[in-house]
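Letter by letter, the chains look like this.
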Amino acid sequence: MTRARIPNLGGARAFILHRPHPTVQAITRQLSAIGLITVDCWPELPPGALAADFVFFDADLGFDEQFPWQPGEAPMPLVALIGSEAPGRIEWALSHKADAQLLKPVGNAGVYSALLIARQSFEARKHLAGEIASLRQRVAERQTIVRAVAALSKGSDDERAYAQLRSLAMSWQISVEDAARRIVAMTSEEGTGEEATGEEGGDDQSYRA
Amino acid sequence: MPRMPRPCGAGCGALSFLGSSLKRRIEIGILYSRSGSYQLVSDACRMGAMRAIADINADRSSGIELVPVERDPQSNADRYATLCEDIFRTSSARHVVGCVTSWSRKETIPVLEKAGGMLWYACPYEGFEANEHVVYMHACPNQHLVPLMAHVVPRFGANGFLLGSNYIWGWEMNRVARDLIADAGGKVLGERYLRIGETDVSRLIAEIRATRPNFILNNLIGTSSYAFLAAYRDLGDEDAAFRPENCPVVSCNLTEGELPAIGETGKGHLSVGPYFAPRPAAFASSFEASAYASVQVMAEVLSRDADAGPAEFSKAFAERRFPTRLGPIAIDAHSQHATLPVIIGRIADGFFEVVSREDEVAPDPYLSRYDPAKTFGRPRLRVVS
Chain A
17 MTRARIPNLG GARAFILHRP HPTVQAITRQ LSAIGLITVD CWPELPPGAL
67 AADFVFFDAD LGFDEQFPWQ PGEAPMPLVA LIGSEAPGRI EWALSHKADA
117 QLLKPVGNAG VYSALLIARQ SFEARKHLAG EIASLRQRVA ERQTIVRAVA
167 ALSKGSDDER AYAQLRSLAM SWQISVEDAA RRIVAMTSEE GTGEEATGEE
217 GGDDQSYRA
Chain B
2 MPRMPRPCGA GCGALSFLGS SLKRRIEIGI LYSRSGSYQL VSDACRMGAM
52 RAIADINADR SSGIELVPVE RDPQSNADRY ATLCEDIFRT SSARHVVGCV
102 TSWSRKETIP VLEKAGGMLW YACPYEGFEA NEHVVYMHAC PNQHLVPLMA
152 HVVPRFGANG FLLGSNYIWG WEMNRVARDL IADAGGKVLG ERYLRIGETD
202 VSRLIAEIRA TRPNFILNNL IGTSSYAFLA AYRDLGDEDA AFRPENCPVV
252 SCNLTEGELP AIGETGKGHL SVGPYFAPRP AAFASSFEAS AYASVQVMAE
302 VLSRDADAGP AEFSKAFAER RFPTRLGPIA IDAHSQHATL PVIIGRIADG
352 FFEVVSREDE VAPDPYLSRY DPAKTFGRPR LRVVS
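For the record, the sequence lines run as chains A and B.
Everything in the first sequence is counted per the working numbering, starting at 17 for the first residue and increasing by one.
Everything in the second sequence is counted per the working numbering, starting at 2 for the first residue and increasing by one.
Read the hints as simulated data drawn from the structure, not as lab findings.
For every residue, glycine included, the Cβ atom is placed at its ideal position computed from N, Cα and C.
One or more of the hints may lead you astray.
Take a look, some chain A residues computed to stay more than 12 Å from chain B by CB distance [to be verified]:
no., residue
1, R21
2, I22
3, G26
4, I50
5, P59
6, K120
7, S137
8, E147
9, S169
For the chain B half of the interface with chain A, some residues (derived, Cβ under 7 Å), not all of them [said to hold, decoys possible]:
no., residue
10, N132
11, E133
12, H335
To give an idea of the interface, some chain B residues facing chain A are shown, with a C-beta separation under 7 Å as derived from the structure [as the list claims (entries may be wrong)]:
no., residue
13, A131
14, D180
15, R213
16, Y367
17, S369
Please model the entire structure based on the sequences and the hints provided.
Laid out in structure tokens, this is it:
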């Protein structure tokens, strides 16, 4: 069994989006001790932030236009810096899908665990999103599978046709959905070919793509 | 950060005459246990701090006189925080030299934060902490465990058996060791913990005999450690595979101070630290030397500014190196950890013979500069049949 290992954060880049304030110094001190490179910025994230490993952002005075991405679509783990616990501000921080939080004033500790938690939950979220997208795509291919099974069974045994589809997918080393798409394309190609012969070369090449 | 408040206790701010020099009295806390299972280590630290205080007070060129305010937590982890609070409440002290276990240090930190105080911590610890109310004056993992493993793996093999007393030092040291052993291509053949003070080690010995590791990482403390080394020596007498030249017990916190309790049974085993006592020695162990250096560095800053608070100390760390009896010491201003020598020693007759030495190793408490390839060389390719 492999154990999830605590990642080495040395050399990682963290952007701190907060107005000049002792909070920024407290976070910077902790980040430097842990071995990260820090960049302070306010009121906007500079272009370099797109390549950051972590972004800390102020939940008290923050607004959507500060970020070069849509709310909730940050390409890296976010840590919300929460001072006032006003519900509207928490709602806004949630809309950006912060992966961890630090309460202000920031003292002598908390940054290390925030980094580890943010990174872990960001990775988990990304993994889940990828899995959901792939499942959605597969669900969208239901009709293709029905058509492929129909083409293979030629009106006789559906079960055997489905088993044949699965074994084709395995031998081609692709998903059942991709195999179904290939079979549907092949059958419609065959159909087009027959028609083309009838029309004596007047076929449309775009079908053969 | 504000400068340190100095509510006046008895004698605070008074000027005393010592010979012809005018010295300012400054109270400092001493928080070491005078009894309990890790008393030898605690006594060594206390001795270092007290010797430094005496030397500074006797030094006519120093403008300060340090007055120790002492409390004894009796090796009870729950008493450190309350006694530290007591020092802050009943005296003008804002600096405390003290704590041996990481458990007690972590218990004390909230009190230090509340009072704006500072702890000078003179023992090796497991890393992954950088509190601005603590100055870490002994080694952290890149100054003990990483170089120790880099030494042991090529000579004895990468398969280890991990031992620890059941609290944060053992847990965290063994966590780092698991990663290091994996990087070295080895296996952890067992990981066992004993309650602090437990001396029944028969099961550990039986497991080690059964799993036949290449080395044993010993994070047991005090009497548990002594009992283990004695039983392991008997195992080595029965089976040569468990003699120190074949399967050493390696430690990151074993010093001369404990050799009298270990006696002959420790001979040939390895330890790592920033100091091993030469003969004749200025200090009996690295604990004593580090506690001494702690008071020296503290006094150096306070003698220039008796009211220096955390901000002034941080500035001094960023700007200066400090002459100490251990040689010049730098303290990283961000992490407040000391740059130290890394020495690997082998236990001989009542002392450590130096096996390897590297000077001025900068602290890396979060192991953020750790590089497996540099530590263990390129991963060895295995033949796949």
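Hints, one by one, checked against the model:
1. Interface exclusion of A:R21 from chain B breaks down, the closest Cβ pair being 6 Å apart, not more than 12 Å.
2. Against the 12 Å criterion, A:I22 falls within the reach of chain B, whose nearest CB is about 8 Å from its own CB.
3. For A:G26, the requirement that its beta carbon stay farther than 12 Å from each beta carbon of chain B is not met, with the minimum near 3 Å.
4. With a minimum CB-CB distance of about 5 Å to chain B, A:I50 fails to clear the 12 Å threshold, and the non-interface call is violated.
5. Every Cβ of chain B is farther than 12 Å from the Cβ of A:P59; the closest lies at roughly 27 Å, confirming the non-interface assignment.
6. Residue placement check: A:K120 keeps its beta carbon more than 12 Å from all beta carbons of chain B (closest about 16 Å).
7. No beta-carbon of chain B comes within 12 Å of the beta-carbon of A:S137; the shortest separation is about 20 Å.
8. Consistency note on A:E147: stated as away from chain B, and its beta-carbon is indeed over 12 Å from all of that chain's, at 28 Å minimum.
9. Annotated as non-interface, A:S169 keeps its C-beta farther than 12 Å from every C-beta of chain B; the closest such distance is 45 Å.
10. Given hint, B:N132 at the interface with chain A, holds; its Cβ is 5 Å from that chain's nearest Cβ, closer than 7 Å.
11. Using the Cβ-Cβ criterion of 7 Å, the hint placing B:E133 at the interface with chain A is satisfied: the shortest such distance is roughly 5 Å.
12. Below 7 Å, beta-carbon pairs count as interface contacts, and B:H335 has one with chain A at about 4 Å; its hint therefore holds.
13. The beta carbon of B:A131 comes within 4 Å of a beta carbon in chain A, closer than 7 Å, and the hint placing it at the interface holds.
14. Because the closest C-beta pair between B:D180 and chain A is about 6 Å apart, less than 7 Å, the hint holds.
15. Because the beta carbon of B:R213 sits about 22 Å from the nearest beta carbon in chain A, more than 7 Å, this interface hint is broken.
16. Here the hint on B:Y367 is kept, as its CB sits about 5 Å from the closest CB of chain A, short of 7 Å.
17. Below 7 Å, beta-carbon pairs count as interface contacts, and B:S369 has one with chain A at about 2 Å; its hint therefore holds.
In terms of the numbered hints stated before, the structure departs from hints 1, 2, 3, 4 and 15, listed from lowest to highest.
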